[in-house]
Amino acid sequence: MSVSGLTRASRAHPGFVAAFIHRLSGLALALFLPMHFLALGLALEAGSFAGFIDWTNQPWVKISESLLVTALAVHFAGGLRLLCIEFLGLTRAQGLWISLVLAFASGVGVLFLLRAF
Amino acid sequence: MSAPERILQVDIRRGGEAGDYERFEVPERENQTVLDVVTYIQRHLDAALAYRFSCRVGVCGSCAMTVNGRPRWTCRTHVARVVRGGKLTLAPLANLPVIRDLVTDMTPFFEKWQAARGRFVPGDGPRGEMAAVSPGDKQRMAASDAIECINCGVCHAACDVVSWREDYLGPAALNRAWAAWNDVRDGDRNGILRAVTSGGGCHTCHTHQSCAEHCPVSLNPTFSIAGLKRESLKAKLRGELK
Amino acid sequence: MLETLRTDILIIGSGGAGLFAALYAKKANPDLDVTIAVKGLVGKSGCTRMVQGGFNVALSKGDSIERHFMDTIVGGKWLPRQDLAWALVNGAVKRIHELENEMGCYFDRNPDGSLHQKAFAGQSFDRTVHKGDLTGIEIINRLAEQVWARGIHRLEEHRAIALVPAKDGSGIAAVLLIDMRDGTFRLVQAKTVLLGAGGGPSMYRYHTPSGDKACDGMAMGLRAGLNLRDMEMVQFHPTGILAGNDTRMTGTILEEGLRGSGGYLLNGSGERFMFNYHPHGERATRDIVSRAMIEEVRAGRGTPNGGIHIRMAHLGPEKVAKQFKGMVKRCADCGFDLAGGNVEVLPTAHYMMGGIAFEPDCTTTLEGLFVAGEDSGGVHGANRLGGNGVANSTVFGGVAGEAMADAIAKGADWREPDASVVEHEVGRCLKPFARKPGDLNVIRETLLDLMWDKAGIVRDKELLSECLAGLDDLGEQHARAGLADSTRAFNLTWHDWLNLESQILVSRAVAQAALAREESRGAHYRSDFPDMGELETTRYTTIAMSKNGKLKTGSKPVAFTIVKPGESLIDGEAGAPPTSHEAAE
Amino acid sequence: MTPLSYALQRGTAMLMAPLIVIHLAVIIWAVQGGLSAEEILSRTRGSLPWGVFYGLFVLASAIHAGIGVQTILREWTPLGRLASANIGHGLIVVLWALGARAVYAVVWA
Ligand SMILES: Cc1cc2nc3c(=O)[nH]c(=O)nc-3n(C[C@H](O)[C@H](O)[C@H](O)COP(=O)(O)OP(=O)(O)OC[C@H]3O[C@@H](n4cnc5c(N)ncnc54)[C@H](O)[C@@H]3O)c2cc1C
Ligand code: HEM
Ligand code: SF4
Ligand code: F3S
Ligand code: FES
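Residue numbers (my numbering), protein chains in the order written: chain A, 494 to 610; chain B, 1454 to 1695; chain C, 10 to 594; chain D, 292 to 400.
Derived from the structure by calculation, the hints contain no laboratory data.
Note that CB positions come from ideal geometry on N, CA and C, so glycine has one too.
Any given hint might turn out to be false.
[Stated by the list, open to error] Here are the simulated distance ranges between beta carbons:
no., chain 1, residue 1, chain 2, residue 2, range
1, C, Asp255, B, Gln1567, 37 to 45 Å
2, B, Pro1550, D, Gly371, 16 to 24 Å
3, D, Ile319, A, Gln551, 19 to 27 Å
4, D, Ala321, A, Gln551, 54 to 62 Å
5, B, Gly1472, C, Glu376, 43 to 51 Å
6, B, Gln1567, C, Ser123, 43 to 51 Å
7, C, Asp580, B, Gly1578, 35 to 43 Å
8, D, Gly371, B, Arg1476, 52 to 60 Å
9, B, Glu1564, C, Glu304, 49 to 57 Å
10, B, Glu1582, D, Asn377, 25 to 33 Å
11, B, Gly1578, C, Asp135, 48 to 56 Å
12, C, Ser270, B, Gly1472, 16 to 24 Å
Extracted from the complex, chain A is given alone in its bound form (with noise of 0.2 Å):
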């Protein structure tokens, strides 16, 4: 897919915007989600509270999950609303689907963001 193919006027419409976001955060969290397991696998085997705790006190630690949870979080509302249309027929909502994601998304981001630091 090249880049004028990204910016293509046919996909300048909520519908795909919003599955393209999906399909990035999917991505972000396959991606992300093995080295969290591995992350949190390897710090509590080492077995020491006070190593975990560390670990989770590095800023990149701290980046990252954040990030991870946000990208859940934008993914989870997105696949909502895909199952919405796709299982209940949900079809003249979409634009509120959307909106709602988007909040929702924002809203769980911020949230982490201001008390994780």
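Chain A is already provided as a structure; the job is to place chains B, C and D with the ligands on it using the hints.
Relative to the frame of chain A, chains B, C and D with the ligands by itself:
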């Protein structure tokens, strides 16, 4: 009358599979569709410009092309609605082979239509009378909602999954299959579900909704495809599809 | 060398006639090699697809085939060939069931689930079967789907240019085609051929048919020496959109229902005028309204663009927008506000009742050549009932398909094509490339105006003579006009040139036949002969091309083989259709 | 997508939906309430319900993500059906294994 003539800058993609844009200048008119612009160019500026149209009122679905990046029917697209800064960019529909200039080969589109079992198969009802079906019947309404497709190929061109997956049947074919499945007179409705679950069938769709967004006659293939996804899954679970 | 293909059955055109013929031929014998050659794409070209109103068929209790027949004869002003009209009304019953139960058309229903049949002008019973106001799409899409599935060969964007006779004169041998996509010629030999190119009065300034229709079929028929009949009978629809001569949408139809439901026609000064012409006002029949509109414009009382306004707003814009959703949207797409404002309209040429003379089994005087649909003449006489057009093409298309298969079963075989005809016809089509490029636009515009002004809704001897002289002149201009020889692949301008050649020839047939009929009847109105002649001595016009290329007109008495003027097949029944023309209005 | 992978992907999505809500709620609550990691872990350690909860979550996400990535590879890269499927299935195994280990660490270790 005396107002100076306004000129449209029209870039048209010329040639076959490979090609380049060529600029034309067309006088703007009050009542002018994109098809009229193309006709003007063929009649007055370049006699060899190739394009396709037939009915000129939005029923045959022959005149679709890419207008400023979006697939559209052109006989019913008023220039004023799409022109940007006095410019129009025209190209053939995406996702179909190009024959020449603005004309595409719709053969693959109709092959997919057939592959999706987009046609009626008679049931064993009596041939000499009309099946009694109430207009308020749920399936009848679903069939009616999906049936007025003019097979213009606009949705097919708008769908990214069609360009990503060669074997994807695409929104128009699947939309037709959904109308067929909702036809209670049909003699092989499971056959439709079988057709739309093999290869690049309905589950290949990612609910991008570009099809519904662009369909000139406001059909909603996304909705139809979602219906197929559900019904075929149900039929599989019930063991009706082998 | 010319590429030659062979097929058992060759069908020209993919309207209701062509598609039904293909399906019927395949059904009669699945082993037959059936090929459809069409100027556009299968299922996406022609006028059957544009049918809005619907399909006439006598199905309900209280209606009858006889009643449908009488409506057709009376509507046609006693000019139809009665055995053809009979075949139409009978065949319609079978055809509508096939469309519904075998092809999969899903026509509209009444609340109780039974088939809905609506009223259509000029009929004594509500018998028009429909699918919303897009009946044609339903019919053609369903037919095309069946055709795609049946191993029927398709030569799409192949334009037929000549019917090629056998060398020994025993019948038709082949059809010469241009593959429009690459611009080459292709000769297709067939045992039987169906001509279903759909006529279409596209030589008038304002016209409704699809862009691929240029009277090619009738022109090929004339050149092949066939007889045509009723060519003066061109039906006009009163409300075609007027959006300027540079627009393709000009001439396309605004639905009749607009007038029926109370729309006003207003002249340039904003006054209603229909009551000056007829006590029914805007609700008078198509021909009366069309004539009144033309006279109003000719008297200088038209709109600035030379049309008439149709206005619906007094009925309440919201109500109009709801009741005529499709029409309002179509107008809006083109920049007009039908629900709340005025839209400029003028009558528009819609349908040719005339065409190639044929028998009830669709055979013609050329052995092996069959004809069906709007290319054929004689079914509708002086006027076609709304809803009888698509019935006509589908009924006779099916009949032809069966008859063609039957002819092959009885031994029809390939004939040796007359090479000199092929050579001559190829030469005719290539001629313009050898000439200096000319301006086809001027020729087209002149033709459109000439036919509109002089052979249109109101005709007289002087106008028609001028028309014929003008056509001679145009014919010469056309023959001189060359084309830049850039590419022949998908060269629409070349096809415009070929279209004009067909249109000029068939225009001449129309004008000559109109000159020959010295009376007013149905769609044909002569201001110098405003009365309708005696019904009992009704004659139909004939026209054919003689060896020297000139068209020769004649006339023959109509044989009242089933019912005579003054009689009815349904006497005594309440609501029997009127038998005189006044009452039919 | 085959109907099976479609069903699995949408099914795991539906399954994960409530799990995610709980998981996010827990995290937010924890962070908001200023719970330390220690405190969190002290609650999950040895808890069978949490074990089942995260075990399911990990399995579902592994299947879900594996199928998702397979589709993306199929559509956005020149890899064919087989290669995409292999990578996707591989991802399922890897994710599941890593996830299981993490769950083990959180609940039992
Ligand atoms: C806008 C409109 C509305 C109408 N509404 C109604 C209605 O409500 N009810 C009704 O009964 N009738 C209606 N009619 C009339 C009806 O559509 C026609 O009478 C009928 O459908 C003609 O069918 P056909 O098969 O003869 O031709 P068509 O359907 O016109 O098909 C002709 C075919 O021949 C092809 N062709 C033409 N020239 C060539 C060539 N040289 N070589 C190869 N192929 C060629 C064309 O591409 C096309 O495929 C309407 C017509 C129009 C234009
Ligand atoms: C652990 C978390 C998750 C991961 C790693 C993940 C990953 C992915 C990936 C990679 C895709 C493919 C995207 C595509 O095909 O365009 C995807 C698709 C999808 N995800 Fe998730 N996802 C997760 C959680 C969820 C949740 C909780 C839901 C639902 C609430 C969900 C719903 C969906 C849906 C419906 C799709 C299909 C989208 C499509 O076909 O385009 N996912 N997911
Ligand atoms: S669904 Fe709509 S966009 Fe797609 S082919 Fe049919 S009419 Fe055209
Ligand atoms: S745009 Fe394509 S992805 Fe599905 S919803 Fe429409 S077919
Ligand atoms: S020309 Fe028929 S839809 Fe545009």
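Open item on the list: To test your reading of the hints: which numbers does this structure violate?
Closed with: Result: hints 4, 6, 8, 10, 11 and 12 break, sorted rising.
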